[in-house]
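Work the whole structure out from these sequences, hints included.
Protein chains in written order, with the working numbering: chain A, 114 to 867; chain B, 114 to 867.
Rather than coming from a laboratory, the hints here were simulated on the basis of the structure.
Every value quoted in this text rests on a predicted model; they were computed, and no experiment measured them.
Hints should not be assumed to be uniformly reliable.
[Said to hold, decoys possible] In silico lysine to any residue, SDA-like type, Cα no more than 25 Å apart, as pairs:
1. Lys-292(B) with Asp-679(B)
2. Lys-297(B) with Tyr-173(A)
3. Lys-292(B) with Arg-678(A)
4. Lys-292(B) with Tyr-178(A)
5. Lys-292(A) with His-575(B)
6. Lys-297(B) with Tyr-178(A)
7. Lys-440(B) with Tyr-405(B)
8. Lys-721(A) with Gly-502(B)
9. Lys-297(A) with His-172(B)
10. Lys-292(A) with Ala-169(B)
11. Lys-297(A) with Leu-685(A)
12. Lys-292(A) with Arg-678(A)
13. Lys-292(B) with Arg-182(A)
14. Lys-292(B) with Gln-320(A)
15. Lys-655(A) with Ser-667(B)
Chain residues, written in single-letter form:
Protein chains: 2
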Amino acid sequence: MRIRFEGLEPRELARRETLFHVANGYLGMRGNFEEGVPGNLRSIRGTYLNGFYDSAPIHYEERLYGFARTQQSIVNVIDAQGVDISLGGEAFSCFTGTLNRFEQALDLAKGIYTRTVDWTSPGGRRSLLVFERLASFDMQQLALIQVRVTPLDWGGRVELVSFQHGDVVQDHDPNDPRKASTGKKMIDITLASREGSAMLMAARTTQSGLMMASAVAHRWQGAFGQEVQSSKQVSQAILMCEAAQGQEVSVTKYCVFTDSRREADPVTQALTLLDQALAQPFAYWADRQADYLAAFWRGADAGVRGDEALNAALAWSMYTLLASAGKDGIGNIASKGLSGEGYEGHYFWDTEIYMFPFFLLTDPRLARPLLDSRAAMLEEARLHAREMGHASGALYAWRTITGSECSAYFPSGSAQYHINGAVAHAFLSYWRATGDLAYMAGTGALVLVETARLWLDAGHWHEGSFRIDSVTGPDEYSCVVNNNYYTNRIAQHHLRGLAALCRALDQAGLLEQVKAQTGLTRQELDSFALAAEGMYLPQDEKLGISAQDDAFLSKQVLDIAAIPRDRFPLLLHYHPLFLYRHQVCKQADTVLAHFLFEEGESEDVINKSFDYYERITTHDSSLSECVFSMMAARTGQVEKAYRYYRGSAALDLEDTHGNTADGIHAANMGGCWMGIAFGFGGLRLFGEGPSLRPCLPAQMAGYHFTFLWQGSRVRVAVEADQAQLTLMEGPAIRLRVFGQPHELASTLTLPLNG
Amino acid sequence: MRIRFEGLEPRELARRETLFHVANGYLGMRGNFEEGVPGNLRSIRGTYLNGFYDSAPIHYEERLYGFARTQQSIVNVIDAQGVDISLGGEAFSCFTGTLNRFEQALDLAKGIYTRTVDWTSPGGRRSLLVFERLASFDMQQLALIQVRVTPLDWGGRVELVSFQHGDVVQDHDPNDPRKASTGKKMIDITLASREGSAMLMAARTTQSGLMMASAVAHRWQGAFGQEVQSSKQVSQAILMCEAAQGQEVSVTKYCVFTDSRREADPVTQALTLLDQALAQPFAYWADRQADYLAAFWRGADAGVRGDEALNAALAWSMYTLLASAGKDGIGNIASKGLSGEGYEGHYFWDTEIYMFPFFLLTDPRLARPLLDSRAAMLEEARLHAREMGHASGALYAWRTITGSECSAYFPSGSAQYHINGAVAHAFLSYWRATGDLAYMAGTGALVLVETARLWLDAGHWHEGSFRIDSVTGPDEYSCVVNNNYYTNRIAQHHLRGLAALCRALDQAGLLEQVKAQTGLTRQELDSFALAAEGMYLPQDEKLGISAQDDAFLSKQVLDIAAIPRDRFPLLLHYHPLFLYRHQVCKQADTVLAHFLFEEGESEDVINKSFDYYERITTHDSSLSECVFSMMAARTGQVEKAYRYYRGSAALDLEDTHGNTADGIHAANMGGCWMGIAFGFGGLRLFGEGPSLRPCLPAQMAGYHFTFLWQGSRVRVAVEADQAQLTLMEGPAIRLRVFGQPHELASTLTLPLNG
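The following block contains the structure:
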């Protein structure tokens with residue numbers, strides 16, 4: 114399975130840099146050309162380490178109490194991508210001479226990105242150049258770049274100058290008024306030296322005072338000679354050989370990155386790891402990469418038949434989720450993964466609601482560090498709750514790297530209290546999917562209890578129901594509202610889930626330990642239960658739908674069909690008050706609530722709500738279409754589900770939001786997987802266990818996906834008019850299909866029509 | 114009548130600088146000591162010209178569409194206050210030697226501030242120094258500073274060095290985290306020269322590119338010799354004489370300020386005006402000042418008997434309103450008048466709702482330029498409406514100098530659409546009080562029609578009523594709400610008033626001209642009338658009160674009695690979301706609506722609303738207590754009205770909000786006058802004309818006030834158990850007292866108990 118583009122389109126350069134970034138959850142390197150590009154082309158040259166940030170004070174013209182004080186931004190670290198190439202004395206560039214062939218491909222089974230260039234120089238020398246890259250899943254600090262050169266119709270001097278470059282700035286674009294016109298410098302080089310044949314460099318962030326190091330060295334095939342030079346900001350290795358016509362010569366660049374959030378001594382550790390890495394050739398690390406991915410794909414086995422584009426998008430989504438997700442309990446998943454600087458490299462609820470399910474249900478060992486990363490932010494969440502005026506509890510920051518709030522516009526930032534519910538939802542799902550009570554009795558309970566306390570402090574009783582005022586739901590076109598259905602529903606789920614967990618902990622003799630650790634009391638648990646059962650969920654009797662919030666349905670409906678296409682996304686063309694004043698949704702809100710929590714709502718309310726909100730939703734957020742796809746399938750509109758699914762699958766590969774250059778839309782990639790499993794497959798994990806409601810759009814020949822539940826791995830394959838369920842490993846499992854209970858011990862084949 | 118303080122209290126220095134500023138509506142000079150103060154004391158040295166501003170881009174970490182782009186700030190202009198004094202070779206300072214007597218007094222009849230210092234130098238020389246200042250009401254560009262020195266027990270050299278200083282920065286305070294720690298420079302000196310014995314200086318603002326000039330020269334009594342020196346940033350005149358023991362010598366400093374918002378050539382005009390001014394001695398300008406004020410006080414005749422502090426506060430309030438109000442149709446009234454840089458010298462709704470009534474009812478010639486100043490902003494208001502997404506109409510900026518929005522936090526800024534109603538209310542009141550149909554047919558109609566159109570575009574019909582969603586009312590502790598009672602009520606008043614005006618214009622044969630000028634149609638007028646009559650005014654049936662907005666009464670009540678005193682004002686200690694989530698009011702909102710528009714609401718609703726909102730109002734805004742005083746009187750709680758009135762009267766003189774150093778609270782000064790006329794006097798100007806409902810708190814022996822209505826000037830004097838109404842000038846007038854109609858032709862004496 115590959116993602117592949119042929120031909121070089123200068124206007125798409127920055128987008129392709131995103132699509133062909135290599136990453137492993139710690140280290141991400143955009144698919145920049147080793148040899149560089151002309152300065153007039155839009156290109157974002159970047160390498161990032163998950164959670165490695167610089168900070169800066171946030172300036173407000175009018176600062177009110179409790180406004181977030183400090184920005185955090187993912188840092189564009191030391192650049193080790195550069196390799197200038199001279200062939201028979203002529204500098205190689207894709208923008209001179211003749212490109213006989215140009216191909217970029219990411220192999221999802223190998224985990225290697227390859228750029229293949231068949232090039233005739235201005236002087237007439239034809240050469241084949243193959244660039245291969247990987248960010249190792251085995252050694253997360255390691256990236257490899259292999260350059261293979263074959264003189265096709267000439268012989269002579271091949272010279273490579275391989276750089277390590279410390280004069281790095283953040284993304285900027287003098288032609289885009291929304292971006293900085295000059296690049297901000299976030300690292301200062303503190304060390305640049307040669308250690309044997311290795312080039313070593315270290316840097317300190319300007320404000321946050323974090324340290325990082327990079328160590329670079331080379332192996333080669335061919336009669337290369339090497340000379341290493343080092344200066345304050347740039348080190349370089351000059352590699353030269355004489356190549357015969359038709360003879361491939363190659364150099365592999367080993368790049369190791371370390372940082373002080375993980376290592377006590379990043380410099381020493383970088384050199385140690387570089388030594389380990391250098392002991393093995395490119396092929397060794399490529400084999401390890403393939404082995405790692407083979408195991409991954411066994412768990413993540415999913416595909417679409419009869420639509421190769423969709424199938425590739427799905428595979429790429431799963432692969433990129435893996436490449437984006439922190440695996441060390443420090444890094445989480447930035448909303449752009451490790452592919453760019455968009456949204457400052459912040460973590461949002463995207464992780465828990467859109468991406469966590471994929472990891473949880475394909476390999477919970479990848480899900481757990483995401484929970485650990487949130488647990489590590491708990492103290493910051495407590496402080497944030499105090500800043501927001503809450504006497505007790507913890508409130509997770511809407512956007513953050515280390516846990517402190519980085520949102521400079523609270524109405525669509527800190528006001529999104531539902532992030533607490535998202536975090537809780539992930540912990541509760543983890544418990545239900547894995548049964549890991551030991552984890553829940555420790556870390557899990559700590560997070561769940563403190564975040565639950567927040568709801569009790571934020572909400573209040575009024576006329577017999579528990580209400581939560583002045584919060585913002587997922588839809589950022591309505592901010593600071595009262596009783597957002599989604600928020601109240603996820604809070605209810607949170608409080609109920611905690612109660613259920615406490616019962617299970619009690620039965621396992623673990624509750625007393627939790628009470629001692631958290632100060633939880635019976636009385637407090639009772640107040641949680643009362644609030645959950647009294648939770649106010651706004652409904653509109655006349656319309657027969659769930660109301661997005663108390664006031665939403667009395668506002669003026671915005672006729673989005675009458676708005677010219679060039680005025681979308683609306684947030685770039687309308688003042689927030691205009692949007693807040695109208696019934697218009699940036700994204701799924703109530704519809705998302707019905708996806709996550711359909712229990713208790715009638716089919717009729719779910720169907721009518723979908724129809725109602727669909728008419729006023731612009732999908733200006735990339736978090737929207739995948740949800741509408743799943744809920745279209747849920748409401749029996751299978752062809753519509755397919756259309757939304759296609760939109761979701763195409764988002765980055767076809768750049769439908771126009772900003773893939775700034776990085777991938779990681780949440781949508783989770784949505785792309787969920788669209789198969791939860792959407793067409795109808796998978797739900799409420800109450801007693803998995804249930805399915807598979808359907809198949811006419812445009813697909815079939816699809817399949819796999820999920821793991823309490824140790825049982827189930828493969829669901831749908832084609833023609835039937836679904837085949839296969840127990841791939843683990844004990845027999847009870848599940849429901851179209852509401853009917855089944856026990857799956859080996860294979861079940863069921864008709865699609867319920 | 115004087116405001117007077119004895120003794121020098123260094124900690125109160127900055128506050129006294131505010132209290133003893135001199136101003137005339139164009140030019141304001143803080144009461145800084147001519148000879149300066151030690152650098153470690155908090156002092157704000159400043160001179161300001163109404164509406165003379167510098168601009169700066171507003172930076173947002175997250176800028177959304179339509180956010181205000183450019184800040185405007187009143188400029189601290191060239192400093193002409195400085196006079197160093199040497200007495201027998203010893204430098205005069207209030208902070209060395211012995212202060213035998215120190216007195217500061219502002220004479221409200223003379224319009225002169227006097228500082229009297231009986232000082233013994235460290236070397237033992239005793240002298241009497243008298244500093245007198247005025248900002249001329251006759252020549253608005255002119256300020257005079259007279260220094261009189263009498264050697265009491267010695268004779269010898271008296272030397273004055275009088276400065277004109279261009280190295281001026283804005284207010285800053287390294288000890289206050291809310292203020293800039295270093296002073297921002299907003300002017301660059303472009304010219305510093307001698308013109309004869311005059312010192313001439315000109316400056317350009319750094320960003321807005323405005324020009325200003327100051328010209329300074331001296332006259333003296335005594336055998337002074339003068340030497341004038343001029344350098345790039347500082348000019349000085351050295352004046353020396355030998356004074357005999359007991360002989361008073363004096364120097365008068367003439368300071369003229371001009372600016373390019375008023376003058377094509379500020380430099381030439383400054384010199385011309387200086388020549389005119391210099392032709393007359395201090396005594397001449399003092400006489401003119403007294404004449405001007407005598408006329409003013411005839412119109413503004415009001416007072417309190419039996420409480421000298423209240424009487425002085427009332428007189429000072431009226432005087433300071435006069436000193437603050439722009440009279441040239443360019444400057445309006447900054448919320449701090451011309452006494453400081455607080456709120457950047459911006460104009461708010463304070464002008465129309467709190468201060469305009471005083472001018473309108475005492476001297477409409479002073480009211481009219483305030484309307485003209487708003488009319489001059491109409492085009493900016495149109496542009497602002499477009500920015501905010503409105504297809505038609507004009508929306509006045511919440512805070513501004515030239516008309517463009519300067520609020521960097523829209524939820525308690527641009528969202529306060531009610532400012533449109535405030536502007537309209539002032540125009541409509543002007544029409545009713547003066548009958549000036551010619552003005553209304555031109556400027557008035559232009560403003561009223563464009564602002565009315567905004568309501569129609571901002572609101573919408575829902576379930577048979579006209580609603581206005583997502584606006585902020587006066588109370589900034591609840592932002593972006595739906596159907597704020599105050600906003601809807603003032604919009605209704607606006608639309609109804611415009612309809613009434615159009616009928617009157619029609620009768621006068623002026624409507625066609627208005628239609629041609631504004632594009633107003635019969636259909637549009639009908640839609641205005643429909644919206645006015647269908648305006649939704651939220652009520653709570655159970656509580657029997659008007660609801661502040663749709664959601665307010667379902668929120669949690671904040672127990673403000675339980676909050677420690679040092680946590681007020683709440684906005685400095687609680688995140689906005691905490692405040693928005695609770696029933697808590699910064700200031701009068703619904704209660705203000707009931708003050709302005711009681712027609713149509715029952716006494717019961719008004720009374721219960723007052724009681725309800727009073728319990729949850731913190732009065733953290735200086736716009737609140739005066740309204741509660743008036744409405745306490747209205748609801749028959751006369752002693753409570755008195756307590757609020759005392760709070761309002763003491764606000765600046767006793768610095769009860771702790772920030773008088775930054776400038777006066779001009780709106781509260783309007784409230785101080787309204788508290789007598791509208792509060793205790795019960796004056797209302799609804800419908801057919803003036804009505805009164807006088808009451809007298811036990812703590813007062815009596816009070817009186819005067820108002821002008823359609824050419825009839827009425828003096829109302831209340832004492833003991835009766836009110837005496839006297840027609841001071843103009844035709845007999847029909848008015849109601851306690852609901853009963855009366856015709857006032859000369860004098861009426863009526864009992865207080867209705």
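Satisfaction of hint between Tyr-173(A) and Lys-297(B), Cα-Cα up to 25 Å: Since the Cα atoms of Lys-297(B) and Tyr-173(A) sit roughly 17 Å apart, the hinted pair holds (cutoff 25 Å).
Agreement of Lys-655(A) and Ser-667(B) with the hint, judged by alpha carbon distance not exceeding 25 Å: 22 Å, holds
Straight-line alpha-carbon gap Lys-297(A) to Leu-685(A), limit 25 Å: 24 Å, holds
Straight-line alpha-carbon gap Lys-440(B) to Tyr-405(B), limit 25 Å: At roughly 14 Å apart (the allowed maximum being 25 Å), Tyr-405(B) and Lys-440(B) satisfy the hint.
Hinted pair Lys-297(B) and Tyr-178(A), Cα distance within 25 Å: 24 Å, holds
Holds or violated: Lys-292(B) to Tyr-178(A), with C-alpha atoms at most 25 Å apart: 15 Å, holds
Pair hint Lys-292(B) and Arg-182(A), alpha-carbon separation not exceeding 25 Å: 16 Å, holds
25 Å limit on alpha-carbon distance, applied to hinted pair Lys-292(B) and Arg-678(A): 45 Å, violated
Distance restraint between Lys-292(B) and Gln-320(A), which requires alpha-carbon spacing of 25 Å or less: 23 Å, holds
Hint consistency between Lys-292(B) and Asp-679(B) [alpha-carbon to alpha-carbon, up to 25 Å]: Satisfied, since the Cα-Cα distance of roughly 20 Å is no more than 25 Å.
Straight-line alpha-carbon gap Lys-292(A) to Ala-169(B), limit 25 Å: 19 Å, holds
Pair hint outcome, Lys-297(A) versus His-172(B) [Cα-Cα no greater than 25 Å]: 16 Å, holds
In summary, the numbered hints that this structure violates are 3, 5, 8.
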